[in-house]
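Protein chains in written order, with our numbering: chain A, 1 to 154; chain B, 155 to 919.
I should point out that these hints are in silico values taken from the structure, not numbers from a laboratory.
This one's a predicted model, so the numbers in the text were calculated from it and none came from an experiment.
Idealized CB from N, CA, C, for every residue including glycine.
Fair warning: there could be bad hints in the mix.
Non-contacting residues of chain A with respect to chain B, defined by C-beta distances greater than 10 Å in every case (computed) [stated by the list, open to error]:
| id | residue |
| --- | --- |
| 1 | Gln3 |
| 2 | Leu31 |
| 3 | Ala47 |
| 4 | Asp53 |
| 5 | Asn69 |
| 6 | Asn104 |
| 7 | Arg126 |
| 8 | Gly131 |
| 9 | Arg148 |
For lysine-lysine, the following DSSO-like pairs were computed, each having C-alpha atoms within a straight-line distance of at most 27 Å [claimed, not checked]:
| id | chain 1 | residue 1 | chain 2 | residue 2 |
| --- | --- | --- | --- | --- |
| 10 | B | Lys586 | B | Lys527 |
| 11 | A | Lys71 | A | Lys11 |
| 12 | A | Lys147 | B | Lys750 |
| 13 | B | Lys497 | B | Lys327 |
| 14 | A | Lys147 | B | Lys797 |
| 15 | B | Lys527 | B | Lys416 |
| 16 | A | Lys71 | A | Lys117 |
| 17 | A | Lys11 | B | Lys750 |
| 18 | B | Lys395 | B | Lys327 |
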Amino acid sequence: MTQINLDVNGKIHEIDVDPDMPLLYALRNELGLNNPHFGCGLAQCGACTVHIDGQATRSCITAVSAVGNGKVVTLAGLGTPEKPHPVQTAFVEEQVPQCGYCLNGWIMTAAALLDQKKKPTDSEIRDGLSGVKCRCGTHMGILRAVKRAAEMMG
Amino acid sequence: MGASMGKNAQATALTRRSTLKAGGALVISVGMPIGADAVLNIRTAFAQGTKPPLAPDQLASYIAINGDGSVSAFLGKTDMGQGLFVAIGQMVAEELDVPFHSVAVMMGDTATSVNQGGASGSTGIWMGGRQMRMAAAEARRVLVEMASAKLGISIEALTVTDGVVHARSDAAKKVSYAELIGGRYFNVQLAWNGKLDNALYAPGKAQPKDPKEHKIVGQPIARADIAPKVFAQQDFCTDIKVPGMVHGRVIRPPIAGAVPVKVDESSIAGIPGARVFWDRGFLGVVAENEWYAVRAAQQLKVEWSQTRPPFPDAGALYEHIRKAPVRKRELGKESGNVEEAFKSAARVIEAEYEWPFQSHASMGPACALVEIKNGQATVWTGSQKPHFTREGVAAMIGVPGENVHAIWVPGPGSYGRNDAGDAAIDAAVLAKAVGRPVRLQYTREQATGWDPKGPASIHRARAAIDNAGNVVAFDFVSKGFSRLDVFSREGRPEDTLAGQLTGAALRSGDAFRLPEQSYDFANKRLAWETIPPLLDRASPLRTSHLRDPAGPQVHFASESFMDELAAALQTDPVEFRLRFVRDPRDIAVIKAAADKAQWQSRPSPRRDQTGNAVSGRGIAYAQRGSTRCAVVAEVEVDRSSGKIWGRRFTVAHDCGQIINPDGLRHTIEGNIVQGLSRALWEEVKFDPENVTSIDWMTYPILDITDAPEAIDIVLINRPEIAPSGAGEPSTRPVAAAVANAIFDATGVRIRRVPFTPDRVRAALS
Chain A
1 MTQINLDVNG KIHEIDVDPD MPLLYALRNE LGLNNPHFGC GLAQCGACTV HIDGQATRSC
61 ITAVSAVGNG KVVTLAGLGT PEKPHPVQTA FVEEQVPQCG YCLNGWIMTA AALLDQKKKP
121 TDSEIRDGLS GVKCRCGTHM GILRAVKRAA EMMG
Chain B
155 MGASMGKNAQ ATALTRRSTL KAGGALVISV GMPIGADAVL NIRTAFAQGT KPPLAPDQLA
215 SYIAINGDGS VSAFLGKTDM GQGLFVAIGQ MVAEELDVPF HSVAVMMGDT ATSVNQGGAS
275 GSTGIWMGGR QMRMAAAEAR RVLVEMASAK LGISIEALTV TDGVVHARSD AAKKVSYAEL
335 IGGRYFNVQL AWNGKLDNAL YAPGKAQPKD PKEHKIVGQP IARADIAPKV FAQQDFCTDI
395 KVPGMVHGRV IRPPIAGAVP VKVDESSIAG IPGARVFWDR GFLGVVAENE WYAVRAAQQL
455 KVEWSQTRPP FPDAGALYEH IRKAPVRKRE LGKESGNVEE AFKSAARVIE AEYEWPFQSH
515 ASMGPACALV EIKNGQATVW TGSQKPHFTR EGVAAMIGVP GENVHAIWVP GPGSYGRNDA
575 GDAAIDAAVL AKAVGRPVRL QYTREQATGW DPKGPASIHR ARAAIDNAGN VVAFDFVSKG
635 FSRLDVFSRE GRPEDTLAGQ LTGAALRSGD AFRLPEQSYD FANKRLAWET IPPLLDRASP
695 LRTSHLRDPA GPQVHFASES FMDELAAALQ TDPVEFRLRF VRDPRDIAVI KAAADKAQWQ
755 SRPSPRRDQT GNAVSGRGIA YAQRGSTRCA VVAEVEVDRS SGKIWGRRFT VAHDCGQIIN
815 PDGLRHTIEG NIVQGLSRAL WEEVKFDPEN VTSIDWMTYP ILDITDAPEA IDIVLINRPE
875 IAPSGAGEPS TRPVAAAVAN AIFDATGVRI RRVPFTPDRV RAALS
């Protein structure tokens, strides 16, 4: 067990954990931030995505000790109903999900993508989101929502 | 309060006053025709203070008016993300004449809802909604009768606006639902048909509204559960925790059918608090901390029994099916004399089609939490059918069903009997064994590798053509693994992995499916045959229901074959179908899809393309129960790579009355994309020892880079026809539409799913 300081959603949390434990388990179980989801534990689906220093990162394979001073942002820290991130607004307006378990991955990946790429083309959006999984087949809604968010973000 | 998910509104919103103190509450108009005694009788007859026992023949089991006039609707079904609860809320609000936002639909909690079958066979609105509509109509009837007594106005002279009963001629003469019964329970008997599950039906005396009067039904009302998910405010079943809980994991054998013979507990001695539970074939670990449970499951040294690898070589799957003994043959209604017709045929056209095992591969591995206290168990589960989860847990831990409370909480995706049912039973076994609440989540490998599978099958079709080029006989038989090795619900131990691993013998049922289309051939025979499972216990290739069980398989074959006939007779595929389709609603969806897609009449294949990238279009249609759906696919084929892009889909859909067009569109879009994924990519791989599709690399699904450019949907609304299902039907024609489009583009017929680049490239070369 090791004492680790994690900077999550603007707050420093001190936790005492196995340093090899993936960040996902620290967020979910030590900090009670349920939104990054366990989908595969293999970095193949994106359900566990968080931002570390603005980069979309798969928390299921990121050892908690490897985060260092990185600033972690989860879906809960991305925006709130009062102050939503445009991607969140767009996903609600487009009524995107079915089961919704994958939403975290799409929203966090799209937010990082749109942060780095203004006014992306359709194929840039598709390529930028490639690899994130949705099993219910809401791909069309996801693409509509990310385009809508891109327009909102100018 | 909007129509919301189960957790957002609780039955406790009802205030539980003891009994009606009628005297002081009554205001009787001067000159009213009914005496005070009659008023009291009606009120005491229709309302009571304490909740009656949850019973299918009680109105209170479905509808309650809360103290503030809001409505609680208790549904024994569950929403897998298609917005069922919105549609149910609309149907209830419509019949009760209350605003939509005053209805909260609570789903899938065995303490508050009767067993209406859970999510099952696209019956959410079709059967679940039918019952809720009748219950709400009865509630309105009773409330108006109570109001009539209270106001001294005849029933005919009353109407209801936003939960207030008032005189048609004078809106000031009024009484609200809240005043009539708010906070108390209906005491009204319904005419229950004696059935539970999907078939449950318990109408009252009321007739539902004429669809012409509908104002809320038919509106595109949005889902209220999306914002909480987007803003990280809603729990999934994976997020539920209780005090004292430990984390569990189970361990599956490397060779299917093997059981542990030696378990070395010392191999996990270094992991704090890790414990092993081993009972015959069942092996699990628990730990205080989730990461420790993960590590313990990985590190535990297990010696497994020597088992003969149970499966054929994957390359021999279809040969195995061809040669396997038929366990059951079911013949549909035969018209004419098929054998005789073939004898006189000028020409016989034959083809055979193949469909692999497919996995639910839900977005996340299933999870369940079970707490057992003093012989009472509580189960939090993502299973579609919590009422059956309750029965399964009760049987597994040896308590009566009424001692188990199952609470459905949205899980990580569900399209039928996936791994959720097994997870709940596994968690119960562990919770009983360790005496602590256990939260169990599977691994990705277990989710894809060990969920019940959609069955693999072959389909033989042949047609007899006469000298004039008419189809005079049609003969179609499917042969495959039953779609129900384990029942589509986890209510009996033998239908679960934990049960089978601890001694319950598999009782594989026989079920497949016939094509559902209204093609009228003078001589026609449809049949199916099932074969025995490959392994008689705890098989990773055991089958159960996966979205539209056996439907995509059968209609891939039957609609590909119709296209083959059209091509052989050099006829346009739409015109060819319309020659034989008899049902007017079938004709309408085929025409609507073709029109919307700007279908150009000509035979397939097109022969005007050269070069590497070619495109084509194909159509397929099917019924599912009373629903009809036609799909036009436009695909692009990269001849050198074999890669298929389903560029555009046009869908015409008729499921009778549409309750919520937006919810329906989203449902259809999901079905088309999931259907496309299954057609292009999905195949459970295995070797003689075990399933080898164990993650997203070995069980790929459609990537967003391959999503269609557009899905155009034509909704045909038939308010006069009771709503039938939409959760599955549009999945059904997708694979055939794509195969037919590939043929149109290339002239090459692909008869085996999935149409992976390797397979297409090989077929084209």
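Verification of the hints:
Every Cβ of chain B is farther than 10 Å from the Cβ of Gln3 of chain A; the closest lies at roughly 16 Å, confirming the non-interface assignment. Even its closest Cβ contact with chain B, about 12 Å, leaves Leu31 of chain A beyond 10 Å, as expected for a residue assigned away from the interface. Listed as outside the interface, Ala47 of chain A is inconsistent with that label: its C-beta sits roughly 6 Å from the nearest C-beta of chain B, within the 10 Å cut-off. Distance check on Asp53 of chain A: its Cβ is at least 20 Å (rounded) from any Cβ of chain B, clearing the 10 Å threshold; non-interface status holds.
With a closest Cβ-Cβ approach of about 22 Å to chain B, Asn69 of chain A is found to remain outside the 10 Å limit, as its non-interface label requires. Asn104 of chain A, annotated as away from the interface, has a beta carbon of chain B within 10 Å; the closest lies near 8 Å. The Cβ of Arg126 of chain A sits about 5 Å from the closest Cβ of chain B, inside the 10 Å cut-off, so the non-interface label is violated. The claim that Gly131 of chain A is not at the interface with chain B is violated, since a C-beta of that chain comes within 10 Å of its own (minimum 7 Å).
The Cβ of Arg148 of chain A lies farther than 10 Å from every Cβ of chain B, with a closest approach of about 13 Å, so its non-interface assignment holds. Between the alpha carbons of Lys586 of chain B and Lys527 of chain B the distance comes to roughly 9 Å, so the proposed pair stays at or under 27 Å and holds. Proximity of Lys71 of chain A to Lys11 of chain A is assessed by CA-CA distance (about 9 Å); at most 27 Å being required, the pair is judged to hold. Restraint check: the Cα-Cα separation between Lys147 of chain A and Lys750 of chain B comes to about 25 Å, which is no more than 27 Å; the hinted pair holds.
Taking the CA atoms of Lys497 of chain B and Lys327 of chain B, the gap is about 79 Å. The hint is violated against a cut of 27 Å. Of the pairs offered as hints, the one joining Lys147 of chain A and Lys797 of chain B holds, with about 26 Å between alpha carbons and a cut-off of 27 Å not exceeded. A hinted pair counts as satisfied when its Cα atoms are at most 27 Å apart, and Lys527 of chain B with Lys416 of chain B does not qualify at roughly 31 Å. Only pairs whose Cα atoms come within 27 Å are accepted, and Lys71 of chain A paired with Lys117 of chain A is accepted, the gap being roughly 21 Å.
With a CA separation close to 54 Å, the supplied pair Lys11 of chain A and Lys750 of chain B exceeds the 27 Å bound. Taking the CA atoms of Lys395 of chain B and Lys327 of chain B, the gap is near 51 Å; set against the 27 Å cutoff, the hint is violated.
The structure does not agree with the numbered hints 3, 6, 7, 8, 13, 15, 17, 18 stated previously, though it agrees with the rest.
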